[in-house]
Amino acid sequence: MTTHLLSVDSLSKDQVDHLLRVASRMEPIAARRKVTRVLEGAVLGNLFFEASTRTRVSFNAAFCRLGGSVCDTTGFTFSSMAKGESLYDTSRVMSGYCDAIVMRHPDQGSVAEFAEATNVPVINGGDGPGEHPSQALLDLYTIDKEFTRLGKHLGGAHLLLTGDLKHGRTVHSLIKLLSLYEPLRITLVSPPGLEMPGQLVDLVASRGHRVEQRESLDSDFGDLDVVYTTRIQKERFTDELSESFAGVSQDFRVDRAFLDNHCSATTIVMHPLPRDSRPGANDLNVDLNGDPRLAIFRQTDNGIPVRMAIFATLLGVEELIEKEMRDVRWFVPETFGVDDRQL
Amino acid sequence: MTTHLLSVDSLSKDQVDHLLRVASRMEPIAARRKVTRVLEGAVLGNLFFEASTRTRVSFNAAFCRLGGSVCDTTGFTFSSMAKGESLYDTSRVMSGYCDAIVMRHPDQGSVAEFAEATNVPVINGGDGPGEHPSQALLDLYTIDKEFTRLGKHLGGAHLLLTGDLKHGRTVHSLIKLLSLYEPLRITLVSPPGLEMPGQLVDLVASRGHRVEQRESLDSDFGDLDVVYTTRIQKERFTDELSESFAGVSQDFRVDRAFLDNHCSATTIVMHPLPRDSRPGANDLNVDLNGDPRLAIFRQTDNGIPVRMAIFATLLGVEELIEKEMRDVRWFVPETFGVDDRQL
Amino acid sequence: MTTHLLSVDSLSKDQVDHLLRVASRMEPIAARRKVTRVLEGAVLGNLFFEASTRTRVSFNAAFCRLGGSVCDTTGFTFSSMAKGESLYDTSRVMSGYCDAIVMRHPDQGSVAEFAEATNVPVINGGDGPGEHPSQALLDLYTIDKEFTRLGKHLGGAHLLLTGDLKHGRTVHSLIKLLSLYEPLRITLVSPPGLEMPGQLVDLVASRGHRVEQRESLDSDFGDLDVVYTTRIQKERFTDELSESFAGVSQDFRVDRAFLDNHCSATTIVMHPLPRDSRPGANDLNVDLNGDPRLAIFRQTDNGIPVRMAIFATLLGVEELIEKEMRDVRWFVPETFGVDDRQL
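Chains as they are written, first to last, in this note's numbering: chain A, 1 to 343; chain C, 1 to 343; chain U, 1 to 343.
Misleading hints may appear alongside valid ones.
Because identical chains share one entry, a pair is satisfied inside a single copy or across any pair of copies.
Said to hold, decoys possible - Calculated cross-link-like contacts (lysine-lysine; reagent style DSS-like; alpha-carbon spacing at most 25 angstroms): (1) Lys83 x Lys145; (2) Lys323 x Lys34; (3) Lys323 x Lys145; (4) Lys176 x Lys13; (5) Lys323 x Lys13; (6) Lys83 x Lys152; (7) Lys83 x Lys166; (8) Lys13 x Lys34; (9) Lys145 x Lys166; (10) Lys323 x Lys152; (11) Lys176 x Lys152.
Hint data in this document are derived by calculation from the structure and do not stem from the laboratory.
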């Protein structure tokens, strides 16, 4: 394993496999049947220069479930950075306080620059339009876990990725990770102007995967194993793109009708969240809530074991955890969500 | 016990009694003579969509004193909620990270809506003009504890509630809890337009309590056991109300002169805090600081054992705590406040 | 030891020496070779009414490394203080929740006022232009530790303090601490209008130290043991001062050329951080990064053992820590920063 986790590009297939195996072993803790304290005394610096509830709390909780303590920091552009402090200085200073650092920052490349100054493990929690490797790992882990449950194999599977494939860093990172594995069939569907960047399509194709691109969800896709939907991120649009997109209607909304027409009982639907649940939103529809094929909450739940695995691996404690697990003694519900079903 | 604590309405008298008994058993920990680690490994999501130092830190500290870890979140309207995420999604996602969730939100009913999506215990930390059940429980606990100290009984006691009884959710919840007990005499004093809502008065009266309403503190009340004061919350006023209230002078300020005229040595004075201590404020006067009848800081201290009891009961660990208490080994002052007196 | 740590003025030389000795014994924990849990169950209230990443995280991490839990609060002027709550009330309320309180506030004297209401230990984390005693202690600790490494003695050493010596509270506190020790030679260099306050110069001189004041770094200083640089804090300038300062060029920037001309191989360069690393900034230059004489990151690292020592001493657990230290089991890099050198 490298010192930092900045991009999925730096991960070999063996390293990815190792992380997924460790994540799998974290499941009893993530499911709150077991407790470990292996990182007791360690401190995480959870540095969010950009608002994020989900990712921040997920990293925080994962570190706590390993026994560590967390120093959260949000929006600190108003503090020392505003006084002209460099990323180099901030990084080196935080390294004296913390055993690991998670950082989210709106500027692409900033987390890598931060990591250059330190020997303390740094995890990229999202750098603007750049990378968000822990999300890609939990997405891959979700596909692997769901396929295992369904008795499917990854090789030869058919994945549909839809939405804003241009700005969606999660699909960029996921597709790179998937490309390390046996040949897949990948169908990309996005409105004109929001297509997956060409070099990514070429990279995946060059690794032996079959990639198709379409402009509408109203097509014949054949059998689908995974439908991965993303939000149209209007806040990242240029003015020009906003105008051209005004004509696009509800065509990119995945809903129950879409599943009825295109999917089987074993298709799973994913989304990196948050999804826009307001009426008329061009996003994954709420009419799928309660459908067992909707895997979005199992997916977000997987953030805990995967981020535990990242911490455990970077900090070299993955072999210590199982030796010290204790039983949880407090009340844990059978399912976390009221609409969850035992599958 | 129900899964969630959303409103005092859902609590039976037996459940309230149980919570108060558990709170009483938490006292050695809250007083920092003992330590427990029964929730070691558990994670609290402390979600504050609205600023609150006191309540947020109180819940946080109570969970820590049970051994758990806390993920604090403040003002996250700027994050995923702003992107159109539903309370349903936020709730289900947080449920995968946390063992219990405290939530404060400016919109009445929002915490209940949030709780509908999850099987993880949710505690209402205040939903706008709605409910704030942990405050009502700590108020009741304070009355019970002070009465025990003074050798008084709740049945037949005379309570004066004054201030903004229309908008004050703490007095609404408290009066509902009190109404479960033996008949009381309750005097309500508020300026015109800020009276206790009629249906609440009717409810309490229908349960056998003697309720009187007055418009001035300059009356003959007879013996008073409790004077519960509240701040005039001008930030919740309509324009019309602001105008009509402009004529009201200092008549609703409880101060030393009021106590000298209307109270005995065993009357206690309460307030949900914060109080406005600026000169001319229409609030509980600082000239009572140091008077042993001023129970406001004992009241806020009681937030710790009561919130510990809420967590312990919802998470089903209330019987484990005493078996594992250890002695505190660090310096603990005899009294927390310089003006506290050993009573 | 007193109950609170509000100012270096309240510390005797014996108390300072005790704190430095305890800090020294915290080094194995700060260096992450050892873990202690002596404050397990204790809660720190880390109250920052003013933004500060560095100081806030440093106190937070130090308390965590002693085994305690931390409730962070930032910018809560928007909460109860905005509703007219007094420092007295805030202090007394927080005292019921927390075992120790760190407070930063923009108003000079506010932390002392806060501390007057409570018997719980309060540490001044900076009160505007007032005091910041933990910074002064870690600065002194750094000088002592570096001198020990270099085989030097404090008595007779020559220190150069430069930058904004008028507004820089860290140099005010440091110079007071240093004045408790054997006679030093202290050279103060600042632009006109930003000189060290006269009563401080007089105090130090009256204690037997040799103090010289200059207006330019382009002088012959003789041998220098310590160069302590500070940022020109323009945000604290009056309009008049801003104008007069407009003519001052890069004369107050300590850089490699300055070290080549004025310093030896055993001179150390310090800075309270953050430093302004933007091009043209009138601050310590980045061309010194990687130079072993640049002690600024060793200095900030020292914040952990010194703040651990402050907590341990105020809470009376300094004799318990070594009895219970365990080995760290996670990955710890040989040096925290990539440019650090083993000295």
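How the hints compare with the structure:
no.: 1; hint: Lys83 x Lys145; in the structure: neither (47 angstroms within a copy, 29 angstroms between copies)
no.: 2; hint: Lys323 x Lys34; in the structure: both (12 angstroms within a copy, 20 angstroms between copies)
no.: 3; hint: Lys323 x Lys145; in the structure: within (24 angstroms within a copy, 40 angstroms between copies)
no.: 4; hint: Lys176 x Lys13; in the structure: within (11 angstroms within a copy, 59 angstroms between copies)
no.: 5; hint: Lys323 x Lys13; in the structure: neither (27 angstroms within a copy, 45 angstroms between copies)
no.: 6; hint: Lys83 x Lys152; in the structure: neither (54 angstroms within a copy, 35 angstroms between copies)
no.: 7; hint: Lys83 x Lys166; in the structure: between (34 angstroms within a copy, 18 angstroms between copies)
no.: 8; hint: Lys13 x Lys34; in the structure: neither (29 angstroms within a copy, 35 angstroms between copies)
no.: 9; hint: Lys145 x Lys166; in the structure: neither (27 angstroms within a copy, 54 angstroms between copies)
no.: 10; hint: Lys323 x Lys152; in the structure: neither (32 angstroms within a copy, 49 angstroms between copies)
no.: 11; hint: Lys176 x Lys152; in the structure: within (21 angstroms within a copy, 56 angstroms between copies)
Checked against the numbered hints above, the structure breaks hints 1, 5, 6, 8, 9, 10 and satisfies the rest.
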